[in-house]
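Engineer: Protein chains in written order, with the numbering used here: chain A, 1 to 129; chain B, 1 to 443.
It is worth saying that the hints were derived from the structure and are not from the lab. This one's a predicted model, so the numbers in the text were calculated from it and none came from an experiment. We put the CB at the ideal spot given by N, CA and C, even for glycine. Take every hint as true, because none was put in to throw you off.
Chain A is faced by these chain B residues, among others (derived, beta-carbon under 8 Å):
(1) A309
(2) I314
(3) R315
(4) K318
Selected chain A positions facing chain B (Cβ under 8 Å, derived; list incomplete):
(5) F40
(6) E60
(7) A64
(8) A65
(9) D67
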Amino acid sequence: MNIPKDFFYTKDHEWARIEGKIAYVGITDYAAHSLGDITFVELPKINETLKQAGHCATVESVKAASDVYAPLSGKVLTVNTQLAANPELINQSAYEKGYFFSMEFSNETEKAKLMDAAGYQKYVEGIAE
Amino acid sequence: MNYIPHTPEDIQQMLATIGAKSIDELFKDIPEELKPKSFNLPASKSEYQVTQSLQKLSAKNAAGLVNFLGAGFYDHIIPAAVDSLSSRPEFYTAYTPYQPECSQGWLQAIYEYQSLICELTGLDVSNASLYDGGTALFESAMMALRHTGRNKIILDSGVNLIYRTMLYTYTSNLAIEFVEIPVAHGQSCREELFKYLDDKTAAVIFQNPNFFGAVDDYSDIVERVHKCGALAIASVYPISLGMLKTPGEMGFDIATGEGQSLGILLSFGGPYLGFMAARSQLVRQMPGRIVGATVDSDGKRGFVLTLQAREQHIRRQKATSNICSNEALCALRAAVFMSLLGREGFKELAEHNYQKAEFAKETLSRINGVQVKRSSPTFNEFTVLLPRQADEVVQRMIEKGFACGFPLGRFYKGMDNYLLVAVTEKRTKEEICRLADSLEAVL
Chain A
1 MNIPKDFFYT
11 KDHEWARIEG
21 KIAYVGITDY
31 AAHSLGDITF
41 VELPKINETL
51 KQAGHCATVE
61 SVKAASDVYA
71 PLSGKVLTVN
81 TQLAANPELI
91 NQSAYEKGYF
101 FSMEFSNETE
111 KAKLMDAAGY
121 QKYVEGIAE
Chain B
1 MNYIPHTPED
11 IQQMLATIGA
21 KSIDELFKDI
31 PEELKPKSFN
41 LPASKSEYQV
51 TQSLQKLSAK
61 NAAGLVNFLG
71 AGFYDHIIPA
81 AVDSLSSRPE
91 FYTAYTPYQP
101 ECSQGWLQAI
111 YEYQSLICEL
121 TGLDVSNASL
131 YDGGTALFES
141 AMMALRHTGR
151 NKIILDSGVN
161 LIYRTMLYTY
171 TSNLAIEFVE
181 IPVAHGQSCR
191 EELFKYLDDK
201 TAAVIFQNPN
211 FFGAVDDYSD
221 IVERVHKCGA
231 LAIASVYPIS
241 LGMLKTPGEM
251 GFDIATGEGQ
261 SLGILLSFGG
271 PYLGFMAARS
281 QLVRQMPGRI
291 VGATVDSDGK
301 RGFVLTLQAR
311 EQHIRRQKAT
321 SNICSNEALC
331 ALRAAVFMSL
341 LGREGFKELA
351 EHNYQKAEFA
361 KETLSRINGV
371 QVKRSSPTFN
381 EFTVLLPRQA
391 DEVVQRMIEK
401 GFACGFPLGR
411 FYKGMDNYLL
421 VAVTEKRTKE
431 EICRLADSLE
441 AVL
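Just chain A, with the same shape it has in the complex (with noise of 0.2 Å):
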C-alpha cells in the first residue's frame, strides 16, 4: 500500500500535501482502490471557502458516489481540471496526477487533528481487520 511519508491523513482518507501556507489535496491510494474504477469526481469552485471536515468534493465509481472531506479549513486556490475528462488519474496516480485541489490553509492548529503516515497506516491495518 502507498502511503507517501511526508502528508497528512484524514480518517476519511484524504490526504494533504503542504507547501507552506499551501495544502495540495487528494484521496489516498487506498480509497481510490476501495472505490474501485472511478468515472467522475465534483470539484470545489475555486476561491470556495472550505471548514476542516466539511464536504468538499465528490467521487462516484462504478460501485458508489462518496463525499470528500476537506482535511484543512481555507480557500480553494486550484482545482485539477485534468480530472474532468480523465478520472481514471485517480486511480492510477492518487497523490500527483491525481489530486483534487489546492487551497491556502487558514489555521496552522488543525494540522494536529490530521494523521501522519505512520498513523494512517496503522489505521488503514485496523480497517483491514
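Based on these hints, arrange chain B on the given structure of chain A.
Structural biologist: Chain B in isolation, oriented as in the chain A frame:
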C-alpha cells in the same frame, strides 16, 4: 378465507415488543375526526353488481361535452396505434428495467423517447420522464439550486398556479426565497423581473405559452439571466413546439412540461407524464433515470441505464432526487405518438391547432360584449373577457353541451370575467360556430 395473516397472539407479541397496550394506542396520533366511524363494510357484491354500480358512477361524468377546456391539459387526437402498441404485454407487464440484459426492448423505447424529447425541446439530454409537469418543474428548480449554490428563484406568474403551488409545497422546509413577477398585458413583465434578478438568483422560471395562452420570445431575458450566472427554466406545451421557437433556440438551460398532450388520455389526475431536457453540462444534476446507448462485448448496439451514481440506490440521501422511478408507459405512449406523426406531421398538427384557435378568436370576437384579448400572440389557447362572471357562463354552457373553457378568476384575483379557451385540432369549424352561438345565447 381469513386474509389477516396475524393471529391474536402474534399481534399481542408485536404490541408488547413496541410497547403499546392495544392497536388503538398504536394509532392514537391519528386525530379522532380522521378515523373511520366503523369498519363494517357492506356485504360483498357479484361481479355483475359491481359493474352495474361502477357504470352508474361513470354515467355521472359529463363525458359528451364538446371540449374547449385546456389550462394545462389538452384534448388531442390519439391514433389507435398508441393504445395498441402501449398495451402489448411485453411493455405492459414489465417491471422497471434494472437488468439491461433482459430489458433491451424497454430500454430502447425509453432511449427513443429521450431522443424525441431532445429534438422537440432543442436541448442535449432528456431523462426517462418524471411524474407530471409539476414535479418536473420542481425538480428543475432543485437542479438550479444545486448547480448555482444560490437560493433565490424568480417565478413568472404566467406559470400554471398548480405548478407554482407544487413548487411551494415541495420546498416548504427549505430556505428558498421565491419572487413572483406579475404578468403585464399577457406577457412577462421584463422591467419587474430585472429589478429582482441578481447574483443571488439561482433560476428564473417561465411558461411558454403562459397560462393565459400568450406566446413570448424569452431570448432577451435568458441572456440577462445568464449574465447573472443563473439558470433559465421553461415549462413548455410540447405540441406548440411544432411551430414555436424551442427552449434550446431561446437559450434556456432546462425545459420541462406536461406530456399529456403527446398521446396520453385525459383523465382526472393522471397518470400523466413529466418530461425534462437540459444542456449536457447539467446532466449530473438531473433527477431520475437516464437510458444510454452503448455496445456490448461483440460490438453490437445495446442500451443501459446510465449515470446511475446520481440516483438514490447509489448516492442514498445525497441523490439528486428521491424519484428513482419514471412514467414508463406514458413515456412509451409519447414516443409512439411522436414517431407516428414524424417531423412534418408534428408541424402540421401544431399548425392546425394555431389556425383553428385563430378562427375561434375571430368568431368569438364577433359576439356583442365579448372581447378577445390580443395584446400578444397565442398558440391554441387565448383569453376572452366576458360581460359577466365566467364561472356562471361555464355552468350554463355545460347545459348547452360545451366545456367552454377555464374561468381565470379561479386562479387569478380580479379576473372573474375572464375565460381561457383552448382549441385543438379535434375541434371542427361547425363546433366553433356552435360554441359562438351558444355563448351568445347564454350571455
